[in-house]
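Please assemble the complex out of the two chains, which come individually in their own frames, going by the hints.
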Amino acid sequence: GAVVSQHPSWVICKSGTSVKIECRSLDFQATTMFWYRQFPKQSLMLMATSNEGSKATYEQGVEKDKFLINHASLTLSTLTVTSAHPEDSSFYICSAGTRGRGEQYFGPGTRLTVT
Amino acid sequence: DAKTTQPNSMESNEEEPVHLPCNHSTISGTDYIHWYRQLPSQGPEYVIHGLTSNVNNRMASLAIAEDRKSSTLILHRATLRDAAVYYCILFGNAGNMLTFGGGTRLMVKP
Chain A
1 GAVVSQHPSW VICKSGTSVK IECRSLDFQA TTMFWYRQFP KQSLMLMATS NEGSKATYEQ
61 GVEKDKFLIN HASLTLSTLT VTSAHPEDSS FYICSAGTRG RGEQYFGPGT RLTVT
Chain B
1 DAKTTQPNSM ESNEEEPVHL PCNHSTISGT DYIHWYRQLP SQGPEYVIHG LTSNVNNRMA
61 SLAIAEDRKS STLILHRATL RDAAVYYCIL FGNAGNMLTF GGGTRLMVKP
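Protein sequences appear in the order of chains A and B. Throughout the first sequence, residue numbering follows our numbering, covering 1 to 115 in sequence. Throughout the second sequence, residue numbering follows our numbering, covering 1 to 110 in sequence.
Next up, chain B with everything else stripped away, as it sits in the complex (with noise of 0.2 Å):
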């Protein structure tokens, strides 16, 4: 399975943007980049994916480097409740599978 490295957390003020990188070097032609966070004692939430072009949503912003091998995902306005960890997967279209890494623990400063 290709794997994602992403630092473990990052610290952000509140209403300030954030970016959440995530490196993926041995990334397929077909791999999708999936985002997803997950708020403290819940399931995880979906935010967003992508191929290769950037992707917009209502949540964040996914920046996807040229070469597929690292991406970022932007949050324009970082608020209190954004405060979560945030895991980058890689998801082929052969597979069903979902497999989670450490993930990155944003911490949202007031």
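This is chain A alone, in the form it adopts within the complex (with noise of 0.2 Å):
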């Protein structure tokens, strides 16, 4: 299967602070890629869907201005949480795919912990 890599796959930073995080697609070109969001013990939550080239369309209660996207190419999404607080601590993980298409290959995941 394709192979998708999230960089970095943990950080702790400090409340008020901005974190971006990468997601590539390595060995493919993903016209879509998303961003899920997962609290312990709980299943994923999609927050955002970003297709290259275009503004991503963000899910109901996910804050636009907090959680910048970015996708800049076919091989790379980027995750920007701007001033993050503690609540923001979660497991971020990314998946790409190709539009219509239902496979979708994940990242292992970025853990954040903002302290």
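Be aware that one or more of the hints could be misleading.
[To be verified] Computed cross-link-like contacts, DSSO-like style, restricted to lysine-lysine with a CA-CA straight-line distance of at most 27 Å: (1) 64/A <-> 20/A; (2) 41/A <-> 66/A; (3) 69/B <-> 3/B; (4) 14/A <-> 41/A; (5) 3/B <-> 41/A; (6) 109/B <-> 41/A.
[Said to hold, decoys possible] If you want the footprint, here are the derived chain B segments under chain A, 3+ residues with CB under 8 Å: (7) 43-57; (8) 61-68.
[Stated by the list, open to error] Here are a few chain B residues that sit away from chain A, every Cβ distance over 10 Å (derived from the structure): (9) 3; (10) 5; (11) 10; (12) 14; (13) 15; (14) 23; (15) 26; (16) 29; (17) 38; (18) 72; (19) 79; (20) 81; (21) 109; (22) 110.
It should be emphasised that the hints constitute simulated quantities derived from the structure, not laboratory data. In this text, a Cβ means the ideal position worked out from N, Cα and C, and glycines have one as well.
Structural data, given as structure tokens:
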């Protein structure tokens, strides 16, 4: 299967600072990338859908000014958590896929801890 | 969105077959049935998908009921590395998103 990487794998930051997470599809071009958040012992919750070259589509309840998504190329999407707060601490996972196809390839996740 | 219902958890013995059920009574004619699994502290991993016919791959088999209102993921010989949360998800061609439900936590006993 296709490989998706995320960087960093974990990060600790102070409240009020911003953190950038990168998601790369290593061996294929992804027209669409997705960002999920997962709290302990819960399922994945879709935050936003990122299409290359256009603005991201955010799910209801997700603040687009707080979670900035940039999908600059067919192999890279970034999620920036701005002015992070402790309640933003979570496991952030990206996935990459091709429009119209259900198979998505997930990154290994980034664990964010805000102190 | 068509929803799926799965048991919260299941237990299996190592090297025995495991049948993970999923109900999707409101499935539409164009919805594909996808299965993903998530090992602890990792991103989900694609397992298998199908539309109407049963499907086999190196990881598992997918048995789809004739009326498509339910399906079963079959692991032929469970190993300790198969312990994970298994998600059954419906994917429609018109859409582009995977909506994760609660999934089934599979525990494998040695």
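Hints, verified against the model:
Distance hint between residue 64/A and residue 20/A is fulfilled; the C-alpha atoms sit about 14 Å from each other, no more than 27 Å. For the proposed pair residue 41/A and residue 66/A, the alpha carbon gap of about 24 Å is at most 27 Å, so the pair holds. With a C-alpha separation of about 11 Å, the suggested pairing of residue 69/B with residue 3/B holds against the 27 Å cut-off. For a cut-off of 27 Å, the pair hint linking residue 14/A to residue 41/A stands: about 24 Å separates their Cα positions.
Note on residue 3/B and residue 41/A: the hinted pairing holds, with a Cα-Cα distance of about 20 Å set against a maximum of 27 Å. Straight-line distance between C-alpha atoms of residue 109/B and residue 41/A comes to about 21 Å, which keeps the hinted pair within the 27 Å bound. Counting residues of the stretch 43-57 of chain B whose C-beta sits closer than 8 Å to any C-beta of chain A gives 5, which meets the bar of three, so the coverage hint holds. Only residues whose beta carbon comes within less than 8 Å of a beta carbon in chain A count, and the stretch 61-68 of chain B has 0; fewer than three means the coverage is violated.
Residue 3/B, annotated as away from the interface, keeps every beta carbon of chain A farther than 10 Å; the closest lies near 13 Å. For residue 5/B, the requirement that its beta carbon stay farther than 10 Å from each beta carbon of chain A is met, with the minimum near 13 Å. Residue 10/B, annotated as away from the interface, keeps every beta carbon of chain A farther than 10 Å; the closest lies near 16 Å. The Cβ of residue 14/B lies farther than 10 Å from every Cβ of chain A, with a closest approach of about 24 Å, so its non-interface assignment holds.
Non-interface call for residue 15/B relative to chain A: holds, since the shortest CB-CB distance, roughly 25 Å, exceeds 10 Å. Residue placement check: residue 23/B keeps its beta carbon more than 10 Å from all beta carbons of chain A (closest about 17 Å). For residue 26/B, the requirement that its beta carbon stay farther than 10 Å from each beta carbon of chain A is met, with the minimum near 17 Å. With a least beta-carbon separation of about 15 Å from chain A, residue 29/B lies farther than 10 Å from that chain, consistent with its non-interface assignment.
Against chain A, the non-interface label of residue 38/B is violated: not every CB pair exceeds 10 Å, the least being about 8 Å. Non-interface call for residue 72/B relative to chain A: holds, since the shortest CB-CB distance, roughly 18 Å, exceeds 10 Å. Distance to chain A confirms residue 79/B as a non-interface residue, since its nearest Cβ pair spans about 19 Å, more than 10 Å. Every C-beta of chain A lies more than 10 Å from that of residue 81/B, the closest at about 16 Å, which supports listing it as non-interface.
Under the 10 Å C-beta cut-off, the non-interface status given to residue 109/B relative to chain A holds; the minimum distance is some 21 Å. In this structure residue 110/B is separated from chain A by more than 10 Å, as the shortest Cβ-Cβ distance comes to about 24 Å.
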